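*Asks:* We have chain A; now place chain B onto it with these hints.
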Amino acid sequence: MAEAITDVQRGFEAALPELVAALGPEHVLTDFFHRAIRTTNASPMGLHLWEKLLPDVVVRPGSTAEVAEVVRIANRHKVPIVARGGGAGLADGATPLKRGIVVDIKRMHAVLEIDEENQTVTVQPGINMQELNKILRPLNLWYPDDPASYPVNAVGGRIGSGGWSLLGAGYGHVPDLVLSMEVVLPTGDVIRVGNGGARKIHKSSTGYRLKDLFLGHQGTLGICTEATLDLAPRPEAELPIFFATESYADSHRIIGALGRSGLRTIAGIFMFDQHKVEFLRRDDEAWIPLPSWVKSAAATILYGTRAEVEAARDVVFEIGGSLGGKYMGTEICEGDWASRHDRYHLAYHGRANGQIKLMSWSCEDAAINYSALPKVTREWHRIAADLVAKHPEHFDDWGMFTYTNGPFRAWGDYLTEIDIGVNELEMTEEIWRDWVQAKVDIARISVRAGGSVSAAHGGQREGEVDVSCYEELAEGQFDLMKSIKRMLDPNNIMNPGKYNLDEAYPGGES
Amino acid sequence: MSPQLSLKPFYTQRVEGTTIPDPIVKDCYAVFACRHKFCREVCPVYQDDRDEAHTSYGFHSSLLAVSKGMGTVGDLRESITNCLECGACELRCPNTLFAGDFYGSSTTTVDLVRKVRRDLVAEEIGFERYEEIVSYIDRFLGYFTGPEEELTRWAEGLEIPRSGESILFVDYFNAFETTDVPRKAARILQAAGADFGILARPGATLGELLDISLETFVEHARHNVAQLEAAGAKRVIMINPHDYTYFTRDYTAHLGELPFEVVYITDVLAELLEEGKLPFTGETARGLLGKVSYHDPCTLNKICGINASPRKLVASLPGVDFVDVSPVAQWSYCCGKGNASFKKLHPDKSYKIGAKRLQAAADIGAQQLVVACPHCQDQLTDVSSRAGVPVSPVHILTLVAQAMGLDA
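In order, the protein sequence lines correspond to chains A and B. In terms of numbering that gives the first Met the number 0, the first sequence opens at residue 0 and continues consecutively. In terms of numbering that gives the first Met the number 0, the second sequence opens at residue 0 and continues consecutively.
Isolated chain A (complex conformation) (with noise of 0.2 Å):
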């Protein structure tokens, strides 16, 4: 082992020059503190981990030609190399795992085309959706993926980690919105993928689906360097409508008839169980007046032509309505939906305790089908009871959301996530190992019950990742992943050590 470090070592030396002279040194950046921040990604690493995670290197490209010398340089050097967007994932996909190069694709943020006619729009992977929707704004037109974290993904991540949208029951989700993309392969070779051979066509049937193989990824197969998107026209009218209910059960009631309900303006339904309305009790301005009586609430967002969402509220109201549910108000709708986007990130949180202890947000997610939710709910809030039980200075069970998880439908199957708070600052490894063992329970929960470790962020974190190879993936789709990342990654340079694939190449079996 001490001596494959050594050969990354030399590679790396061998490699420094080389990045020097493809990108010039103010994009080749060595200095601590570039290397540390872009190490992390949002959601929680332990800081005793940190320093052993920096890469050697961080470049920051600005075209197609300058990734693809990077990753030629690192492909004959046989240097780590792992692709970052935003660094808000949640699912360590930008948080190298074997040091080597971090490529910052932020400084390609270009728009490079806008089709009014077929709306669609082609950029640069290093935008963010709310610059590109700042763009298209005057256009009457929007790109409607809308994770919690919006403002400041990068398209490029987003398709990195397969991502959800809040609005994909209405609008589809990440894979449904790339229509194209060109990708850096992990020899240097640059490639397109789309729906066919096309760049703006939505459904094709010549070819493999190849498109799918670099969505989702996690930065093990190529590193996207365009990509065409699919936009929708600015809706005119958003309405979002929250129902207080006395039980979980009430909610799973309530979401499940919306699903069936038919309506095709909704663009997303969601639930919050009783543990995350006790937190938002604690924390949030909007909800701590709310009656005792309030223990769960079921939501629905949308979108549509004016006469269209106001047909469809009435709907909605005598669903929510017959089911118990209590309409919220207008504030604390149109306040809750405007916060969606920032809710979890301070790090001050007051605890059941009465405790405001310093702990950043852990989101596990999972897809699960409607049957199962209260089922997996009861069972992880249990995980995380044992948790807090055991490390109450460490862990906070912040409550659970659910929302809607098939592209264009609202039925079926829902992202459901358990917010976990991690107190970082105090954290050690036999702690740790407590955590990420809570982890691959909770992982197995969702496996058991027919459901996928990862609906939005990615099943590789160290915990589910076993689950996700061993047990989800077990009927030769690991197998089929391990022979397709050694075709195209002869050398294994493309986030190594992530899914496991290092079993692919000789002596990395586990």
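Everything labelled a hint here was simulated from the structure, so no lab data went into it. As the structure is a computational prediction, the values presented were derived from the model and not from experiment. Note that the Cβ used here is the ideal one computed from N, Cα and C, for glycine as well. Careful, some of the hints might be misleading.
Label-pair distances were calculated between CB atoms; the ranges are [stated by the list, open to error]:
| hint | chain 1 | residue 1 | chain 2 | residue 2 | range |
| --- | --- | --- | --- | --- | --- |
| 1 | B | Gly16 | A | Tyr207 | 54 to 64 Å |
| 2 | A | Ile355 | B | Glu270 | 32 to 42 Å |
| 3 | B | Gly16 | A | Asp385 | 39 to 49 Å |
| 4 | A | Arg432 | B | Gln12 | 47 to 57 Å |
| 5 | B | Ser162 | A | Asn352 | 53 to 63 Å |
| 6 | B | Gly103 | A | Gly206 | 58 to 68 Å |
| 7 | B | Gly103 | A | Tyr207 | 26 to 36 Å |
| 8 | B | Arg200 | A | Asn139 | 55 to 65 Å |
Once the Cα atoms are required to be at most 25 Å apart in a straight line, the calculated BS3-like pairs of lysine-lysine come out as [as the list claims (entries may be wrong)]:
| hint | chain 1 | residue 1 | chain 2 | residue 2 |
| --- | --- | --- | --- | --- |
| 9 | A | Lys77 | A | Lys133 |
| 10 | A | Lys133 | B | Lys351 |
| 11 | B | Lys67 | A | Lys51 |
| 12 | B | Lys7 | B | Lys25 |
| 13 | B | Lys290 | B | Lys311 |
| 14 | B | Lys276 | A | Lys133 |
| 15 | A | Lys356 | B | Lys67 |
| 16 | A | Lys51 | A | Lys77 |
| 17 | B | Lys311 | B | Lys276 |
| 18 | B | Lys348 | A | Lys133 |
| 19 | A | Lys325 | A | Lys294 |
| 20 | B | Lys351 | B | Lys290 |
| 21 | B | Lys355 | A | Lys97 |
| 22 | B | Lys67 | B | Lys25 |
| 23 | A | Lys374 | A | Lys356 |
| 24 | B | Lys25 | A | Lys356 |
| 25 | A | Lys51 | B | Lys25 |
| 26 | B | Lys67 | B | Lys7 |
| 27 | A | Lys77 | A | Lys389 |
| 28 | B | Lys233 | B | Lys276 |
| 29 | B | Lys355 | B | Lys290 |
| 30 | A | Lys356 | B | Lys7 |
| 31 | A | Lys97 | A | Lys374 |
| 32 | A | Lys133 | B | Lys7 |
| 33 | A | Lys97 | A | Lys51 |
| 34 | A | Lys294 | A | Lys374 |
| 35 | A | Lys356 | A | Lys389 |
| 36 | A | Lys97 | A | Lys77 |
| 37 | B | Lys343 | B | Lys355 |
*Replies:* Quick look at chain B alone, frame taken from chain A:
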């Protein structure tokens, strides 16, 4: 917004070498813990260089990494210069937005950046190009020790007393570099029938001192407060919004509650307008050319939350065609000069940020961009002459004076 929230007492503890005091570690972690980097996207510097090291997330996380033994504070001597001190990141931080008042935990990047710069100077490492700042400070401090009549030469012929219950505070930048601003302020107030005086020898109010020497800054703060008290001031009218932030935030933090009220000129004029004491004459104010937009100075809008009165004044100008951009949308704008040192440290970035601001005004069809800050006026005038963007910056006092038929 409570001014006291932004200055944390534990910032008096030095960061140096590999030592970051524990309260500062926690303060830095509170920003790092988010890692969503909303601060990054609203930062005008990041929008230019796309380097997240030069953001609130970058500064706080770099110091946190120092505390974990990954480097030294001295390694930050270049990156720490890449801050406009505009305050946008503080406003956009979830800690400020959601828990600032709730838990007293607002993010205070501007103060942190200044503190790190000062600590680097104290450690005799300094920060990149800090000699430029030192020589600028020396030049301005020279005014303080120079002949008294020079400090008020801008007021020649206006017959303003050197005392009064209302004092128009005129700093060295206004007195020597943008003399039209205090002259117009004085003429407008006189025409509106307001009684006011000026100080015979004001002290320095250089924000650059906050990057180099807090002691000198506070020494001049004491001088100013004493002079204003001696002059009988009950109300001090500011015409430089940077001074307004120093008086309302830094002076109160270091000297306690001030013995007088501090107000900004646009608030005073909006009040006079309301009372019918600003006689705008004619159907169209002289000086207005086509569509007009308003640029929020960072200090007024992002740091002090004053954004209504300038809009009220602009909208009241006879015949004005006003196209507004909301103060929140302007969090990500800056004229490029920054709150103190930035332009002197990064003239190229400063120019590009300013040109981008002018272009944003051009994009909404504005031909004139109204400013309410002498630094924005100075910077945008400089940028517009080089950038070829067809937008003219104009100071709000110029338009008000013209609307009242006053000559300079």
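*Asks:* If you test the structure against every hint from before, which numbers come out violated?
*Replies:* 4, 7, 9, 14, 21, 23, 27, 31, 32
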